[in-house]
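Our numbering applies: residue 9 is where the sequence shown begins, and numbers increase by one.
None of these hints come from the bench; they were simulated from the model. Keep in mind that a hint or two might mislead.
[As the list claims (entries may be wrong)] Cβ pair distances, simulated, as ranges: (1) L99 - P60: 18 to 24 Å; (2) R69 - D254: 41 to 47 Å; (3) V173 - D254: 40 to 46 Å; (4) T201 - P239: 17 to 23 Å; (5) E129 - R100: 34 to 40 Å.
Where is the CB? At the ideal position from N, CA and C, for every residue including glycine.
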Amino acid sequence: MVEPLKLLILGGTAEAAALAEAATAAGHEVWTSLAGATHAPRRPAGRLVSGPLGGIDGLTRLLTGEGFDRLVDATHPFAETISTNAVEAALRAGVPRITLRRPPWTAGIGDRWYGVADLAEALETLPRAAAPEDGRVFVATGRRGLNLLAARPEYSFVVRTIEPVAVLPPGVDVTLVRDRGPFDLAAERGFFTEHAVSAVIAKNAGGTGAEAKIQVARECHIAVLMIDRPPSPPGLWASRVDEVVDWLARPVAEDQALPPISRP
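Construct the complete structure from the given sequences, taking the supplied hints into account.
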């Protein structure tokens with residue numbers, strides 16, 4: 009029989025929500041921290057910790073003060089700051105930690121991918137992928153950094169975000185769409201048609217929740233300027249929820265000697 013643990017999940021992803029449900033069903037006490045920028049996120053199973061954690065010091069205090077047995081970093085692959093904080097806080101608190109990350113997307117037959125480091129490089133590369141007269145460029149990177157679109161005033165853009173966008177760069181044709189995924193193939197096909205999408209700028213988030221836009225781009229032979237993931241944090245890794253549930257069942261002494269489960 010598995011001994012119940014007190015588990016803190018750094019969440020905000022579909023995988024984090026699935027893990028909260030699975031770990032709760034397994035008898036663990038689950039807390040999920042949602043410190044992201046999305047308003048009114050979907051509530052996971054167990055207890056919710058909302059608001060900023062206070063950096064490394066704040067997360068360390070939470071881990072030690074509440075007596076957590078394990079920490080799971082199930083944040084977005086591009087949430088660099090919180091993942092870095094999780095590494096240090098877990099070390100300070102002496103709490104075993106694992107990272108749950110969905111595997112990244114990989115280019116397949118028919119894909120026209122341009123690997124880029126960030127949005128700025130994507131915009132620099134854009135003329136190689138599509139001409140301004142071809143249609144709109146679908147920017148699927150969230151609402152941050154949209155001021156950079158001013159570098160390409162000759163293009164038209166469509167930006168889809170969950171949260172409202174307060175400020176847009178002047179002199180740039182930008183169509184804003186507010187919606188929350190996941191989006192299926194039919195919805196994305198309609199979106200691409202409605203907005204005459206000629207290229208896509210996306211982060212390599214991986215998983216299935218946002219994959220439909222990549223599949224539609226493949227179908228339509230549309231270029232994707234794919235922003236590479238940031239460097240991975242060190243330590244134990246898992247790419248599936250069931251791997252983490254198995255990890256929770258292992259004694260700490262055994263866990264300390266284990267190699268990473270998987271590394272996307």
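Status of the hints after comparison with the structure:
Distance hint check for L99 and P60: the Cβ-Cβ separation is about 21 Å, which falls inside the suggested range of 18 to 24 Å. One distance hint, 41 to 47 Å for the beta-carbon pair R69 and D254, is violated here, with the actual separation near 29 Å. Between V173 and D254 the beta carbon distance is about 41 Å. The supplied range of 40 to 46 Å therefore holds. A hinted range of 17 to 23 Å for the beta carbons of T201 and P239 is inconsistent with their spacing of about 37 Å.
Under the hint 34 to 40 Å, the C-beta atoms of E129 and R100, about 35 Å apart, fit the expected range.
The structure does not agree with the numbered hints 2, 4 stated previously, though it agrees with the rest.
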